[in-house]
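Between the sequences and the hints, there should be enough to build the whole structure, so can you do that?
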Amino acid sequence: MSRQTLPIQGATCQHCVKSIHKALEPLNGVSAVSVDLQNQTVTVDGDADRGALRAALAEAGYAADEDDDPGPAPPANDEPTGGDANGAPPKSDAPASEPRDLSLAVTGAHCASCVRTIESALQSVPGVDTASMNLANHTARVSGSADPDALVRAVQNAGYDATPVRDPARAEDDREEQEHRLYRKLVRQTTVALAVGVPVMLWGWFGGTMTVQAGGASQWGWGAVSVITFLILALPGRHFFVGAWKAFRHHNANMDTLIAVGTGAAWGYSTLVVIAPNLLPEMARHVYFEASPMIIGLVNLGLALELRARGKTGAAVKRLLNLGAKTARRLDDDGEHDVPVEDIRVDDRLRVRPGETIAVDGEVLEGDSEVDQSMLTGEPMPVVKSEGDTVAAGTLNGSGTLVYRATRVGADTALARIIDLVKKAQGAKPPIGRLADTVASVFVPTILLIAVATALIWYNFGPQPVAAYMVVASVTVLIIACPCALGLATPMSVMVAVGKAAESGILIRQDAALQTAAELDTVVLDKTGTITEGRPSVTRVIAAEGQDEDTVLRLAASLEAGSEHPLARAILDAAEERGLKTAPVSDFRALNGKGVSARQDDTLLRLGNRRWLEQEGIRLGLEDEARQLSDEAATPLFLTRDDTVIGVLGVADRIKADAAEAIARLRDRDVRVVMITGDIQATADAIAKQAGVDEVLAEVLPEDKAREVEKLQKEGRKVAMVGDGINDAPALAQADVGFAIGTGTDVAIESASITLMSGSLHGVADAMAISRATLRNIKQNLFGAFVYNTLGVPVAAGLLYPFTGWLLSPVIAGAAMSLSSVTVVSNANRLRFFKPRGHHGPRAKTGDHS
Amino acid sequence: MSLLINVTGLALMALIVWWFWLSSKGRPAKRAEGGAIDIVVSDGVYEPSVIETNAGETLTLRFERRDPSPCAEQVIFHKLDVSETLPVGEKTTVTLTPENPGTYRFTCQMQMYQGTLIVH
Chain A
4 MSRQTLPIQG ATCQHCVKSI HKALEPLNGV SAVSVDLQNQ TVTVDGDADR GALRAALAEA
64 GYAADEDDDP GPAPPANDEP TGGDANGAPP KSDAPASEPR DLSLAVTGAH CASCVRTIES
124 ALQSVPGVDT ASMNLANHTA RVSGSADPDA LVRAVQNAGY DATPVRDPAR AEDDREEQEH
184 RLYRKLVRQT TVALAVGVPV MLWGWFGGTM TVQAGGASQW GWGAVSVITF LILALPGRHF
244 FVGAWKAFRH HNANMDTLIA VGTGAAWGYS TLVVIAPNLL PEMARHVYFE ASPMIIGLVN
304 LGLALELRAR GKTGAAVKRL LNLGAKTARR LDDDGEHDVP VEDIRVDDRL RVRPGETIAV
364 DGEVLEGDSE VDQSMLTGEP MPVVKSEGDT VAAGTLNGSG TLVYRATRVG ADTALARIID
424 LVKKAQGAKP PIGRLADTVA SVFVPTILLI AVATALIWYN FGPQPVAAYM VVASVTVLII
484 ACPCALGLAT PMSVMVAVGK AAESGILIRQ DAALQTAAEL DTVVLDKTGT ITEGRPSVTR
544 VIAAEGQDED TVLRLAASLE AGSEHPLARA ILDAAEERGL KTAPVSDFRA LNGKGVSARQ
604 DDTLLRLGNR RWLEQEGIRL GLEDEARQLS DEAATPLFLT RDDTVIGVLG VADRIKADAA
664 EAIARLRDRD VRVVMITGDI QATADAIAKQ AGVDEVLAEV LPEDKAREVE KLQKEGRKVA
724 MVGDGINDAP ALAQADVGFA IGTGTDVAIE SASITLMSGS LHGVADAMAI SRATLRNIKQ
784 NLFGAFVYNT LGVPVAAGLL YPFTGWLLSP VIAGAAMSLS SVTVVSNANR LRFFKPRGHH
844 GPRAKTGDHS
Chain B
87 MSLLINVTGL ALMALIVWWF WLSSKGRPAK RAEGGAIDIV VSDGVYEPSV IETNAGETLT
147 LRFERRDPSP CAEQVIFHKL DVSETLPVGE KTTVTLTPEN PGTYRFTCQM QMYQGTLIVH
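First to last, the sequence lines map onto chains A and B.
Numbering (the working numbering) for the first sequence: 4 to 853.
Numbering (the working numbering) for the second sequence: 87 to 206.
No lab work stands behind these hints: they were computed from the structure.
Incorrect hints may appear among the rest.
To be verified - DEER-style ranges, computed between Cβ atoms: (1) A:Leu803 to B:Ala115: 40 to 50 angstroms; (2) B:Ala115 to A:Arg173: 33 to 43 angstroms; (3) B:Thr181 to A:Arg156: 13 to 23 angstroms; (4) B:Leu96 to A:Phe786: 30 to 40 angstroms; (5) A:Glu702 to B:Thr181: 42 to 52 angstroms; (6) A:Leu334 to B:Thr181: 36 to 46 angstroms; (7) A:Leu803 to B:Val93: 25 to 35 angstroms; (8) A:Arg156 to B:Val93: 52 to 62 angstroms; (9) B:Thr94 to A:Ala736: 52 to 62 angstroms.
Unchecked claim - Capping the alpha-carbon separation at 25 angstroms, the derived lysine-lysine pairs in BS3-like fashion look like this: (10) A:Lys249 to B:Lys116; (11) B:Lys177 to A:Lys427; (12) A:Lys321 to A:Lys838; (13) B:Lys165 to A:Lys782.
Computed from a predicted structure; not experimentally measured.
By construction, the Cβ of each residue, glycine as well, lies at the ideal position given by its N, Cα and C atoms.
This is the structure we're talking about:
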């Protein structure tokens, strides 16, 4: 008789106590059970097997990890119970992986009770130390050394579904490691194959005999070479044959097919010559044993080089992945803790110290700091953040400390969504690649047909020895044809370009947009929020005689200090910028659409529009100045003290600092720029003048914007619409390319095909420049691949032979083939060095430090 | 002899056309019946490589990439605008709901791996 104590978790009520009793009492050897809710333990008297007890607890949903056991929990008898069934996993059938954390994306869980079921299902898997399910993001975290497949099965058996998810940054590292291993393997295979191929080839070059005499020493010698060459085909060349055979069974043909048939034919013919030279006329008793190992070596070398070059194409995503913070400093009731970023929940309070990366999206609760958002928006200037501002995961905190509340975590953060978008877009295919796709899908069987036809033509029309010519020509056809270059031409360039664009804060969502953006000749710009900043600010302060500007602004700010209106915000910001302190006011009154009034030191202050003040019977002054403000698209606000006008403030939605420059860039490229707005003509004209736009469509209702875009399209223009993505959705969708101006970090913009993360209009010109460069790059690749194949195949078939006597050697074909795909990948990589605007100072600087 | 070789050559060509194009419809298809379909990505082929489903139904495919060569890295469903990166040695779930009946190809970037999705 013994007593043992086990930890439990999640037992909170008498109902749970009952459940635990019910779960444990029927077990063999249990004589008494007592549950301690306080310490979360259960004490069992009897000789029951500890493992069985734990299993029963797990079944009931109350199992806790033994290591978490808070109490001393002394097993009454000394040693034997524990060890066998708990602690280490009982059997090590699972691959002996080191303990680590694993996340599972769980689907089908909707309620808190599911959480318990899933957790206990996971905990019952051998090797699991702890399992916790987070319903909010549908993720279960498991620590221990369990086999991921077993975990998935356990969840599936419980009636849900799960897939393992891995930390994307670690997955990226794994991928690199995998590729590196493959690279080394390919290099090894290349070395071995060339070590055989090169001597044989040199032997032939330096006059060694490549023919076989029946019964002579040459037959034995070449027989040995045949066996060695076979080993090359079977070992370093094995993957070609396995791939070819598997594809063949699926009625498919691919690059492996060509290499396998080509090298196989060269070897087969040569071996036939060795075994039965008498079957062939004397002139045809030539062996081609150098061809197979040389081709295998060169193609493997090509694959290795391509792998190297490809590694760089994914650099942009890797850079984005590395932006994410691993841990964050959470403010709990009992102090600050560094926690893994996966454990952060919405509404957690987090602190970010100077120079640290912001871990999740959030809203600043306290503190002031400059935050570098260039990695997301491409905007080089740091942005000042204070209470109420939003911060984004992956951005870099400057010299201040911020406390912020998590608003979006995990896969919901802007950074995560950007990564997702970029990855998706990188796999996209612009229409220009469709032809290559069609060709690629029938390419290999076509080459097989050409190879057979080549052999037949040589047989019927070729010179003696026909057998040798047949073999050489058709093998060369098979080897020189390169479906890879054709298949890679588009995707490689797209992958690099999309990543490049993301670096500049341009997110390309639609595959066609990458191509269409290069063809745009008209850009329609929404006014509010696109050309302008989208919020009012004070443009000018004019003081009446005897007053000074600071007093006017200070009084206006004091008046507005209690107001929530956007105009009030503008005035308060202006006062703060000049370091002016507001003074308290009393009797504050806000009159909608008119203005505000309040008392200060026995004087009555009013700030409002002309009509209201006239109604109040105040004689206005500063009329000329006010009119001038109107001409500048600003709204004049009159400040009066006791019925006398003491100043006028011009408030306007200012144009963005770089809007005019960006628009000039577009016009330099002969792009027609049109401004569209619902505002009145006068305001629109004033803004257009400042921005350098001479075509204005004013007083357009939001629903008519799409129609205006359509009208331009009917004129045969390729139209881009640039807007904020919310009001302009129909117009964005109507346009050939819709650009949504992001508010810095919000990427939930569905109607646009391209999102500009920074508010800058330079993004439009940048996107067009990147898209042009990409298209040019794709065209070069496609041209290269098509020309290579359409010239290479006929030459290999011997088209030049009747005229010049030229016939390619299969070895040269192998080298050309592997070089062609390396060339395509390298050419695509050139896009990485493309600068959308070389002349633009600050951008160039940020580009360098990344 | 000459006739024999020519006939053999032409027969071989006919065989290529038949095997890779004409008979490819006879490939064994895997029908989606609610559950997920596991597809192994290795040695240049998707296995199974022909998937059948019904229009409007959500299809879950779990790609297990065993081939480390970068060619296999992505699976692209043409015309459906779906693409997914497949990490080596892991199962990656792709969920799609094809709305219109038809035949859709899914391939790797370079189209060496080829599969067909038949939507009824």
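Hints and how they fare:
1. A:Leu803 to B:Ala115: 40 to 50 angstroms: With Cβ atoms ~46 angstroms apart, the hint holds.
2. B:Ala115 to A:Arg173: 33 to 43 angstroms: holds (37 angstroms)
3. B:Thr181 to A:Arg156: 13 to 23 angstroms: holds (20 angstroms)
4. B:Leu96 to A:Phe786: 30 to 40 angstroms: holds (34 angstroms)
5. A:Glu702 to B:Thr181: 42 to 52 angstroms: holds (46 angstroms)
6. A:Leu334 to B:Thr181: 36 to 46 angstroms: holds (38 angstroms)
7. A:Leu803 to B:Val93: 25 to 35 angstroms: holds (29 angstroms)
8. A:Arg156 to B:Val93: 52 to 62 angstroms: holds (56 angstroms)
9. B:Thr94 to A:Ala736: 52 to 62 angstroms: holds (59 angstroms)
10. A:Lys249 to B:Lys116: holds (17 angstroms)
11. B:Lys177 to A:Lys427: Judged against 25 angstroms, a Cα distance of about 18 angstroms means the pair holds.
12. A:Lys321 to A:Lys838: Holds: Lys321 of chain A and Lys838 of chain A sit about 20 angstroms apart, inside 25 angstroms.
13. B:Lys165 to A:Lys782: Between Lys165 of chain B and Lys782 of chain A the Cα gap is close to 22 angstroms, so the pair holds against 25 angstroms.
In the structure shown, no violation is registered for any of the earlier numbered hints.
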